[in-house]
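Please model the complete structure; the sequences and the hints are all you need to start from.
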Amino acid sequence: MQTLEPLLASHPFLKNLNPEHVKLLVGCATNKVFNPGEFLSQEGEDADLFYFIRDGKVVVEIYSPEHGPITIQTLDGGEILGWSWLVPPYRWRFDARALETTRAIVMDGKCIRQKCENDHSLGYEMMKRFAEIIADRVEATRLQLLDLYGK
Amino acid sequence: MVQNGPERVHSDKDPMLTYPYYVQRLRHETHDTFTIELRPARAVEMTPFSPGQFNMLYVFGLGEIPISISGDPGNQERLIHTTRAVGAVTKAMMKLKRGNMIGVRGPFGTKWPVKEAMGRDILIVAGGIGLPPLRPALYHILSHRKDYGKVSLLYGTRTPEDILYIKELEKWRARLDLEVFITVDRAKGDWRGNVGVVTTLIPKAPFDPDNALAMVVGPEVMMRFSALELQKRGLTADRIYISMERNMKCGVGLCGHCQLGGVFVCKDGPVFRFDQMKDVFTKREL
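Each protein sequence line maps, in turn, to chains A and B. Sequential numbering of the first sequence, starting at 56, is according to my numbering. Sequential numbering of the second sequence, starting at 495, is according to my numbering.
None of these hints come from the bench; they were simulated from the model. Watch out, some of these pointers could steer you wrong.
Subject to a maximum C-alpha distance of 30 Å in a straight line, what follows is the list of computed DSS-like cross-link-like pairs (lysine-lysine) [claimed, not checked]:
#, chain 1, residue 1, chain 2, residue 2
1, B, Lys682, A, Lys70
2, A, Lys70, A, Lys112
3, A, Lys70, A, Lys165
4, A, Lys112, B, Lys682
5, A, Lys87, B, Lys682
6, A, Lys112, B, Lys743
7, A, Lys70, B, Lys661
Everything numeric in this text was worked out from a predicted model, so none of it was measured.
Below, the structure written as structure tokens:
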């Protein structure tokens with residue numbers, strides 16, 4: 056039977072991850088296609104999931120009653136969506152919507168948290184990789200805040 | 495003076511002599527940027543410009559300012575400059591009409607390493623008004639396309655409304671031999687492109703880090719972080735080129751207005767190799 060193992064192992068986020076750890080993650084993974092306009096997350100809802108985006112485009116946005124949805128970031132194939140599953144109270148902070156047909160591996164956050172508790176070497180690997188993503192995004196956000204191209 | 499930096503271009507003309515040019519066309523690119531096209535008023539031989547160089551443009555009675563050349567080096571019969579209206583001179587320049595006269599000195603400065611880049615993958619990274627100084631290099635590369643490997647243009651602006659050269663970008667995007675990535679810092683719901691700073695495009699661009707060369711222009715912070723990201727992808731600092739902007743006045747390294755550490759930006763630059771300037775970037779006193 057074909058599993059999601061090769062798809063997971065080929066995602067840049069999991070590059071060079073111990074194959075035993077990939078096997079552990081497969082048990083928490085499902086494959087899904089999102090149609091344009093379909094939400095992957097909605098602000099305030101339980102964040103029990105995160106996504107390895109395989110291809111397509113996802114927009115992360117925040118809704119403002121005055122301005123409607125404001126785009127904060129876009130994510131493409133090879134990127135990852137969601138770290139609210141890692142941090143209590145495990146609720147999505149932003150909306151995420153498929154801008155075009157998007158294929159993603161959906162990861163069950165509760166399942167991963169449990170596996171990370173049981174296997175701290177997997178937990179440390181996941182934390183290191185998420186820390187790098189979070190650091191990159193904080194840096195990008197700081198540059199955005201600088202409004203570099205303003206007068 | 496910088497040793498082994500980008501090539502300087504020599505001219506026999508008196509660099510302090512201003513030549514009269516007519517405005518042939520003036521096109522508004524965005525609400526605060528415009529492109530001005532100039533032709534010589536007299537039958538003088540124009541000094542050919544190279545990608546990366548700049549001219550000193552003189553609005554009579556107001557002042558003279560340095561502006562990068564943004565036209566095609568394959569067409570030396572006209573001068574094209576794109577700039578943002580921010581000061582008295584550029585604001586007056588934006589109001590010029592066809593047939594008005596303007597003074598031109600130049601071209602000045604070092605050029606983009608289009609020869610050294612032959613055989614390599616090319617990354618052109620532009621932020622905001624940094625695209626115009628890079629456009630001549632892109633024109634050159636596209637007109638000699640077989641001489642280069644993969645070519646990517648990475649362009650970041652503030653909002654979708656601030657994107658320059660929209661029609662040309664559409665044409666470039668349609669090419670099969672050029673990857674165009676555009677991102678904006680912020681957008682409303684109707685924008686279907688990327689949102690995020692230009693550095694986030696670098697991991698998406700296809701290039702072989704062992705055989706690539708990058709040309710980067712934008713605000714200094716953007717160039718600094720772009721260089722860091724490029725180095726993270728494996729590009730060495732000696733294959734990253736940047737273009738600096740300082741208060742250029744004379745254009746030939748005499749007046750000292752544009753001195754930056756041990757270099758004069760007008761004469762030793764504006765195009766520099768990043769490894770030769772990276773220390774300058776982090777010195778607050780300069």
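Inset, instruction - Would you check the hint for Lys112/A and Lys743/B, treating anything up to 30 Å between C-alpha atoms as holding? - result: Answer violated: Lys112/A to Lys743/B is near 47 Å, above 30 Å.
Inset, instruction - Mind checking the alpha carbons of Lys70/A and Lys661/B for me, to see if they're no more than 30 Å apart? - result: Distance ~39 Å between Lys70/A and Lys661/B Cα, so the pair is violated.
Inset, instruction - Verify the proposed pairing of Lys682/B with Lys70/A, using a straight-line Cα cut of 30 Å. - result: Roughly 34 Å separates the two Cα atoms, so the pair is violated.
Legend entry - Pair hint Lys112/A and Lys682/B, alpha-carbon separation not exceeding 30 Å: Given pair Lys112/A, Lys682/B holds - Cα atoms ~16 Å apart, limit 30 Å.
Legend entry - Pairwise hint evaluation, Lys682/B against Lys87/A, where the allowed Cα distance is 30 Å at most: Given that 30 Å is the threshold and the Cα spacing comes to 27 Å, the pair holds.
Inset, instruction - For the pair we were handed, Lys70/A and Lys112/A, check the Cα-Cα distance against 30 Å. - result: 21 Å, holds
Inset, instruction - Compare the distance between the alpha carbons of Lys70/A and Lys165/A with 30 Å, and conclude whether the hinted pair is satisfied. - result: Roughly 22 Å between the alpha carbons, so the hint for Lys70/A and Lys165/A holds.
When held up to the earlier numbered hints, the structure conflicts with 1, 6, 7 and fits the remainder.
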